[in-house]
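Q: Sequence:
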Amino acid sequence: MSLSSQPDTDYQWPVHALGKESKRRILCDESQFRIYHETLLQDEQHSRFYQFPNDAFVFILKGQVYLSDNQAGLALEQYQGSWISPDQAHKLVLLSPHLELLIIAYQGNLAPCAQALYLESQTIENKPITSNQIERQMLSQVESLSIELENYPGKQTEHLHYHRQSGQFIITLEGEMGLNVNHAEVTIEPYDWALVKAKQRHFLKNNQTESSLCLSIYSPPPAKDRVLVLKKND
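Per the numbering used here, residue 413 is the first one in the sequence shown, and the count goes up by one each step.
Calculated directly from the structure, the hints in this document are not laboratory data. Incorrect hints may appear among the rest.
What the hints assert, rightly or not - For lysine-lysine, the following DSS-like pairs were computed, each having C-alpha atoms within a straight-line distance of at most 30 Å:
1) 609 x 636
2) 567 x 643
3) 435 x 474
4) 643 x 609
None of the values given here were measured: they were computed from a predicted structure.
Start from the sequences and build out the full structure, keeping to the hints where you can.
A: Take a look at the structure:
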């Protein structure tokens with residue numbers, strides 16, 4: 413499930429060079445979204461332009477940027493993001509020597525559903541939802557997609573469950589996550605990722621003593637879609 417253990421036959425897209433050290437890779441290509449990871453160095457890529465056929469979300473993993481269109485702009489820092497519209501090109505200017513970012517781009521015939529959020533900073537402002545000491549904070553939610561930051565204290569494990577309809581893309585931001593899917597476990601290290609399909613039984617856990625942080629992208633949003641799996645001794 414992790415990037416390092418994905419069979420080559422599953423994801424054959426090459427890493428695209430954007431400079432000597434700057435690069436782009438496709439992490440995930442599903443019917444509803446495609447996810448890119450870019451590593452950019454200011455000496456090679458002072459700025460880049462982005463435009464996609466549908467709504468796209470730019471999320472900053474590391475560094476600072478200024479993102480703008482023809483009418484407005486905003487600065488984004490680590491763990492902040494913004495929706496960009498398909499109607500025009502957007503310019504991203506690096507404000508730090510080294511930048512890591514994700515782009516979550518809608519695919520298919522989904523109508524634009526983030527119009528009210530275009531070029532508005534999506535950041536953590538609300539009180540986190542705590543379940544078994546796991547903090548989940550909603551970064552952004554629209555009709556077909558939700559993005560959450562999830563903080564797992566040391567040695568914390570979530571309950572075995574599945575989602576009836578939602579797929580879940582997971583990327584570790586800090587620390588190290590363990591993912592168990594159908595009794596098979598993989599380790600997700602920083603900037604490594606995994607995809608859990610609907611109806612797959614799974615749970616995330618933090619095997620370390622320090623807290624770990626991950627980003628979860630759900631499509632569709634998992635409201636009332638989570639089903640706990642009870643063990644015989646529960």
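Q: Decide, hint by hint, whether the structure agrees.
A: Verification of the hints:
1. 609 x 636: holds (16 Å)
2. 567 x 643: holds (20 Å)
3. 435 x 474: holds (15 Å)
4. 643 x 609: holds (21 Å)
In summary, this structure violates none of the numbered hints.
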